[in-house]
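Q: Now for the letters of each chain:
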Amino acid sequence: MSKTLSRRQFVAATAAGSAVLISSPYIRTAYAAGKLTMGFWDHWVPGANNTCTALVNEWAEKEKVEVSIDYITSQGNKNLLTIAAEAQAKSGHDILAMPTWWPHAYADNIEPVNDIMEPLIKLNGDVNNTVKYLGKQGDKWLAVPATVGSQIKGPCSRIDLMKKLANIDVQAMYPAGSEPKADEWTNENFLKAAEACHKGGFPFGIGLGETTDSVDTAGAFFQSFGADLVDAKGNVTVKTDAVRQALDFYKRLMAFLPPDVTAWDDASNNKWLVSGRGALIMNPPSAWAVAKRDAPQIAEQCWTHGMPKGPKGRFAPFLPFLWTIWSFSKNKAAAKSLLVHLSQPDSVAKLVQASGGYDLPSFANLTKLKTWAEEGPPKGTLFSYPDPYHLQTLSIAASPAPPKIAQQIYAQATITKMCVRHFQGEPMEKTLSWAESECEGFMRS
Amino acid sequence: MVDVAIQPNRATRTGTRRRTSLRNALKRKSTAAFLMTLPLIILVAVLVIYPAFYSLHLAMLNKSMQRYVGLSNFTFLFTRETFWLVVKQSCIFAITAVIFKALIGFIVAHFVHNIPAKGQRKWRGMLLVPWVIPPAMSTLGWLWLFDPSYSAFNYTLSFFGIGPIPWTGDANWARFSVILVNVWYGMPFFMIMYLASLKSVPDQLYEAAAIDGANWWQRIWYVTLPMMRNIIAITTLFSLIVTFANFDIVRILTAGGPIDKTHIFATWAFKLGIESSDIPLGASVSLFMVPILAVAAIFILRDVNKRGNES
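Top to bottom, those sequences are chains Y and A.
In terms of the numbering used here, the first sequence is residues 861 to 1305.
In terms of the numbering used here, the second sequence is residues 407 to 717.
Quick caveat, the hints were computed from the structure, so don't treat them as lab data.
Treat the hints with care, as some may be off.
[To be verified] Below, in silico cross-link-like pairs of lysine-lysine (DSSO-like), each with a Cα-Cα straight-line distance of 27 Å or less:
hint, chain 1, residue 1, chain 2, residue 2
1, A, K667, Y, K1099
2, Y, K1052, Y, K1023
3, A, K667, Y, K1131
4, A, K667, Y, K938
With the hints as extra help, turn the sequences into a complete structure.
A: Here's what the structure looks like:
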């Protein structure tokens, strides 16, 4: 028996069905607000990821969102490969933690976050200029500065060796709990200290390879001389007196460094400090944290402090991680809500605590958390790490060049290569011509 | 007219003919062979042909990947000093490493060939160890041996009053180090191929040569080498391709440093494409290997074919 449905019957059935659906009570399920996936930086501090997971779960519970977190290591640049692959596929995580230059590199695929950055700045204070430089394109905020993974790579000195060999009391210069008395801590005195420690058999461990630690340190020193390879407008400014001065400074410095620094990577300086062979390295407190575990007698003598002052000021290398939301994310509202939650002062304090003081918030009001004052031994060793009195210009190597050009200068380690070339005997002008040609090559769009 | 006459049964007959021809086609050995290799063909298409064309497509985009720029990326590279440095280094790296791998592999294969059959398996197994360890792992071991500040080699050499040698800090030593590790890793492949080839040389040829009064060198030159020529050519070609495309050893050991003096195509492509976010330029650099290897392949395979036809 065949039964046909008339047009009238179909319309009536559809209307009735719709009415039932509309009038039904809304049942809020466990994950009513959808799903959210995120790729966060895999922290090297044991347990730091757990605190981040707990904060995300706490938010997910409240907002009824199903969350999935991938912790992506930066070892072997796996995080960079993930970013490139997801940008190509236009698919992947909703939120991705990007290092330094990557928000600008993928700006076209990133959701603007002005609507959350402006309230966060009101809540936590302004962000430093490096965050603005890396996280903002014109008026468009591309990213929220992540507490997790952000770091200053300032000096970590041996208290005993600096006192004995260079006659510098780093604890008195950067006292825990009060403002630094570092007027005498200049590039020239830094050089004298490097020479004294070299003579004493404990050279400063500053790399001149092609990895970030080497590039960051060289970049900060260059900026302290006002030496920019490319200016903010994109003009090549290699052949200037400031660059010549910076190059000359580095040539003098390199004479007091270990002879193999041209081959150093980001682990070399850590090993240099932990093994007790050096009086100073430029690093976030990861080296000190490893020493605390593996060589406590060395850790007890470590003191993290500010950079020396050059003719154009005191510049400290700052490397932020930035949380971004892909424009192809399917749950942007939830993603923004989570980033706001992770940037609340309480959340930031928990993240800093979990990392043992390594992670740095970029907001001005969050640089005096108790973790940095209390961490030790020696107590107060990290007090000056977040630059609590804002006496340094937090900067990144190759700035103020437009970020897409600066990324090339940075990734290809043009600054450290210049230093090595000149130190190895290449005439200054030839080195400058080489660097100028390199920078011109970075201009392609 | 005939067609019109048989029209009513045409559909049925065509259908039957199709079924028959399909059955016949399936019965054919070549069809069965094709179907059995189809999964592999699909795999190659997905994992090799598609990425190859995709990288070609990428290499023709501008830096922000929004505009087609034709061959501009390639012409741009020609103007860069570092590019020519990389070309030179890739050639030095690949050619030197392949020559030493072939030479040492040939010598070691002879040694192993002359070991009595009973103990030979043990030696073959041991000599293959470098080749079976993932190179990323073994290179990490080498990295510790060459470590700038804590090199185990330098520690040992210090007992003889030598060093410290800047294994990865000086351009020439760094080049030596990456080539050494590549030779260490790739030599067993040559050894095992040459050993197989040596075993297939008929003993009668050596006996005849001995009767003719040939010495050791003459036996190698007039018997062994001509008999191994094809396998030497194929092995060299294969190794040249793999060595030119090497990434892990250089990346782990020197990352292209110091001052770019050990960069080869793959490591520089990674530096540009991934670390500098310039994927089109990185793709262009990696594609430069294709013409170089294609020329090498044409010459070597032409030679192999020629000798195949002669025999």
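Q: If a hint holds in the structure, say so; if it does not, say that too.
A: Hint check:
1. A/K667 with Y/K1099: The hint holds at about 24 Å.
2. Y/K1052 with Y/K1023: Given that 27 Å is the threshold and the Cα spacing comes to 13 Å, the pair holds.
3. A/K667 with Y/K1131: holds, 25 Å
4. A/K667 with Y/K938: holds, 25 Å
Comparing the model with each earlier hint shows no violations; every hint is respected.
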